[in-house]
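Undergrad: Sequence:
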Amino acid sequence: MAALAKASGALKSVDYEVFGRVQGEGGLRGYTEQEARKLGVVGWVKNTSQGTVTGQVQGPEEKVNEMKSWLSKVGSPSSRIDKTNFSNEKEISKLDFSDFNTRY
1 MAALAKASGA LKSVDYEVFG RVQGEGGLRG YTEQEARKLG VVGWVKNTSQ
51 GTVTGQVQGP EEKVNEMKSW LSKVGSPSSR IDKTNFSNEK EISKLDFSDF
101 NTRY
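Residue numbers (the numbering used here): 1 to 104.
Wrong hints could be hidden among the right ones.
No more than 30 Å apart at the CA atoms, straight line, and that leaves these computed lysine-lysine pairs for DSSO-like [as the list claims (entries may be wrong)]:
1) 68 with 90
2) 68 with 83
3) 63 with 46
4) 73 with 90
5) 63 with 83
6) 46 with 73
7) 73 with 94
8) 38 with 68
9) 68 with 94
10) 46 with 68
11) 73 with 63
12) 90 with 38
13) 46 with 90
14) 83 with 46
15) 83 with 73
16) 63 with 90
Since the hints were derived computationally from the structure, they do not count as laboratory data.
Whole structure, please, built from the sequences with the hints as guidance.
TA: Below you can see the structure in the form of structure tokens.
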């Protein structure tokens, strides 16, 4: 069944929160938007008052998994990612967003 879902291009949604030195000049937010658009996923990103970066990613399962890896290991050149939490990961029938945007 999983192989069939993959072959038919299953859509996935996941929420994330990135901890570390991820805000400020050259922070993670802008680079996240850029990477998401490059991969072709949709959703949003924003800075929190707790000093983390949070958001949601939706798209084809393979691309969402690539974005999860990027959010966990790569980030922006000047960021330091200590950990990334993912939650509400699920298969979806349609995308809730048409683009990837920064929220303020």
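Undergrad: Against this structure, judge whether each hint is valid.
TA: A quick look at each hint next to the structure:
no., hint, in the structure
1, 68 with 90, "holds (14 Å)"
2, 68 with 83, "holds (12 Å)"
3, 63 with 46, "holds (20 Å)"
4, 73 with 90, "holds (22 Å)"
5, 63 with 83, "holds (20 Å)"
6, 46 with 73, "holds (18 Å)"
7, 73 with 94, "holds (28 Å)"
8, 38 with 68, "holds (14 Å)"
9, 68 with 94, "holds (19 Å)"
10, 46 with 68, "holds (16 Å)"
11, 73 with 63, "holds (15 Å)"
12, 90 with 38, "holds (22 Å)"
13, 46 with 90, "holds (21 Å)"
14, 83 with 46, "holds (17 Å)"
15, 83 with 73, "holds (9 Å)"
16, 63 with 90, "holds (14 Å)"
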